Every structure is written in C-alpha cells, then in structure tokens.
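Last residue of the sequence shown? That's 405 in numbering that gives the first Met the number 0, and every number before it is there in order.
Think of the hints as simulated: they come from the structure by calculation, not from any bench.
It is possible that part of the hints are untrue.
[What the hints assert, rightly or not] Only pairs whose alpha carbons sit at most 20 Å apart, straight line, appear in this in silico DMTMM-like list of lysine to aspartate or glutamate:
| hint | residue 1 | residue 2 |
| --- | --- | --- |
| 1 | K328 | E167 |
| 2 | K292 | E380 |
| 3 | K399 | D49 |
| 4 | K190 | D49 |
| 5 | K394 | D49 |
| 6 | K229 | E265 |
| 7 | K399 | E167 |
| 8 | K365 | E380 |
| 9 | K365 | E250 |
If you're wondering where the values come from, they're calculated on a predicted model, not measured in any experiment.
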Amino acid sequence: MSRIDELIAEHCSGGVEFRSLVDITSKSASINWKSVADSSFKYIDLSSVDRVTRRIGDTVSVTATDAPSRARQIVRTGDVIFATTRPTQMRWAVIPEEYDKQIASTGYCVLRPNNNVILTNFLAHVLGTARFSRYVESNQVEGNYPSIPDSRVREFRVPVPPLEIQREIVRILDTFSKMEAELEAELEARKQQYEHYRASLLTSVESAKWSTLGDICSRVSTGATPKAGKPEYYRDGTIPWLRTGEVTFGEVFDTEIKITDQALKETGTSWIKENCVIIAISGATAARSAINKIPLTTNQHCCNLQIDESLANYRFVFFWVSSKYEELKSLGRGARSDLNTKIIKNFPIPVPSLEEQARIVGILDKFDALVNDLSVGLPAELAARRQQYEYYRDKLLTFKELESAS
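Let's have the full structure, built from the sequences with the hints guiding it.
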C-alpha cells in the first residue's frame, strides 16, 4: 500500500483523470456466418462465466447451421466481457488465449481496452467494484429481464491513473486472486477425492435391484418461460422461477428471477414441491442436477423429479444422478446435445433398501459439507479471502477525481 501512496504523491497528488469507457475501449466485431460456413467456434453463452471465480467454464461448439441467434460477437484475447442482462448480470471475465477469435453471446458488452491508456486487468478489477455495481443498478432498462444497454456501460467513467500506478494495483490485486486460485485448486482436489469416494460408495449398491428414475417418482414435470415482453409476468413477482444456469450440483434456496401470479395462471409454469431432484436438459448445462429446498417454478429446460418417498431417498437419488453426470450428458441429442424427459425417466438407478440409502446419504452428506459448506474448512477460508480481495479492490480503486482546468 505504501508504494502506491508514494506513486500517487509523485504522479497525481491532485487527483487522477476519469474517462468514459467509450473513449478508452473499442467494440468487438460482429460475425458474418455466411463467410465461415465450415468453421466451428466455442460459444460463450450467458451462463458460461462463473460469477465468483470469473473463469469461462462450460461452452458448446457451434457452426453457422446450429448457432443460437445471440451468437454474434467475435472476441479476442484480452477482451473484457461483461454480462448486461439479469440474472447473469455482473458476471465478467478476461478472454484467455484459448478463446481467441471465438464467439460470445450478444448478452455481453465486449470491452477491448486501449492498453496504452488502461491495462486489461486494471479494467477487469474496476468492473467488480461496488461503484460500478451501483452504476449498473441505477441504469437498468425495465423489461422481461432488466438489463443495462451497452451504450450505458460505455458511458461509465473509470479512474485512469498513470500506467505505473495501474501496474502496482494490478500486482496487489492479482496476488489476492492468485491466493484465491491456490485455495480453489486445493478445494478442487478435495472435490475430486470426494467424487472418487462417492463413486466407490455408490458402486457398492449396484447389486441391489434396479429401477429407472421415472419409476421411483410420483411426478415428473418440466416448466415454462413466461413470454418475453410481458412485464406483468415479471414486475414485482414473488414466485421463485429457476433457470438451468442456477442448477449447479447443490441446493437451491432462492432464484435470481421471480414471476407473478398472473404468469403462473396464464402460462405453462407450475409449482413443484421442495426436495425435488432437478436435472437441466438443455445445451451447455445439460445433465447438471440440484435439489430445491423451497417450493418453486422452473423454465422448460428443467426436468423436475418428485421422488416417491416410499421407494427412494431424494438425496440418494441426487447423489446418484450427480455421480453419473458424464454418462447422462452423453445421452444428449442434436447439435446442442439436449436431453428430454423420456431420456431422464428411462435412466437406470439401483434401489437398495431405504435404510441402506439413508446410511449412504449420511456418509456423503458429511463429505459434501467439507467441500461445499461455506461455514467450515476450505470453503470458509476461500470465502474469507474473497472478502479480503473485495475490500482492498474497492479501497485501491477509489481515487480523487482530477479537477478539470477552467
């Protein structure tokens, strides 16, 4: 911190210049699919970027014949992408080398920084600040999914201290990010150990009688998406509505979007009880699973399994489905490898006695807590590191604005 204070005193004791993003970044190019008919691209959709780690995760390969309508922007290494549409809003990432010249959804604002003025990682850290978050919140455009237009993102004014100061700030914040990454790597190793043990434990019951997911359910359903452009379906909504991007091998206690009673009455959405096993059936998220801990509704890309308690323990079913993610995903069909309710209902599952299921669940719940419970162990340490990073990020990126010459 003292080194930055020295640099500020030396180079900009009176304040730093603030400039609009439009003046220090350029836009990405749009893709002409007709000219690349035989090419394949990684498609970065709005659920690809992890909200916490800021890494690009699951993507799908697309061509001119099967690309989603929103697959329109060519990104380059060093671009900073920012999701402008809820519920994925405030996710951002720096494009790494492996995604150079790939395709991003139009739901991202793509910022290509002029590195003679602002460093890529300096800009990336700025997009995580509370000041930028407040700006986004106050510049929403109402609609089905509230969003901030690209033009308004580019109007945001960022501090532009001398590059020497930017480099020192980036060095410090990247150090925090590196510590996070080390903890994440250790946690990932623990998760792999857990997954190995889970697979071994579940293999032990394969001598039990076999059934299918459909046969151990009292109800199997999918949801619906209330029509876009009808704010009366979303404005002031109180009914939790789950999208597949929120199906992430864990428990769901809330949803990012709520719908209204009118939407429930006039569309194909319907309530599902708590403790259903929810399996995503679409695209990049296909075969992910979760458990809803509250009654909620879902979109049409969720297959919702209400487990018959007289036949199976819902957590046993969840652990089984989660362990078979790759196998289930391989059953997808079409260019996007989508699943459907028939595939899900026909998927096999061993069904030992309820007592044996409860024993296995008790063991796996303990392991699951070690890698996912934010109140203990590595998850708690990682959460503390992230809080520390956020504190110093906002502190280091707060500058007095240089008064303009009169």
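Check: Given the hint that K328 pairs with E167, does the C-alpha gap stay at or below 20 Å?
Finding: It is violated: about 44 Å lies between the C-alpha atoms, which goes past 20 Å.
Checklist line | 20 Å Cα cutoff - pair K292, E380 | finding: violated, 25 Å
Item checked: Restraint check for K190 with D49, where alpha carbons must lie at most 20 Å apart -> At roughly 17 Å apart (the allowed maximum being 20 Å), D49 and K190 satisfy the hint.
Item checked: Agreement of K365 and E250 with the hint, judged by alpha carbon distance not exceeding 20 Å -> holds, 15 Å
Checklist line | Restraint status (C-alpha distance of K399 to E167 at most 20 Å) | finding: Holds - the C-alpha atoms of E167 and K399 are around 18 Å apart, at most 20 Å.
Next item on the list: Starting from K399, check that the Cα of D49 is at most 20 Å away, please.
Entry: Between K399 and D49 the Cα gap is close to 32 Å, so the pair fails against 20 Å, i.e. violated.
Next item on the list: Mind checking the alpha carbons of K394 and D49 for me, to see if they're no more than 20 Å apart?
Entry: violated, 24 Å
Next item on the list: Below or equal to 20 Å on CA atoms is what counts here, so check K229 against E265.
Entry: At roughly 12 Å apart (the allowed maximum being 20 Å), E265 and K229 satisfy the hint.
Next item on the list: Please work out if K365 and E380 have their alpha carbons no farther apart than 20 Å.
Entry: holds, 18 Å
In this structure, the earlier hints numbered 1, 2, 3, 5 are contradicted, and the remaining ones agree with it.
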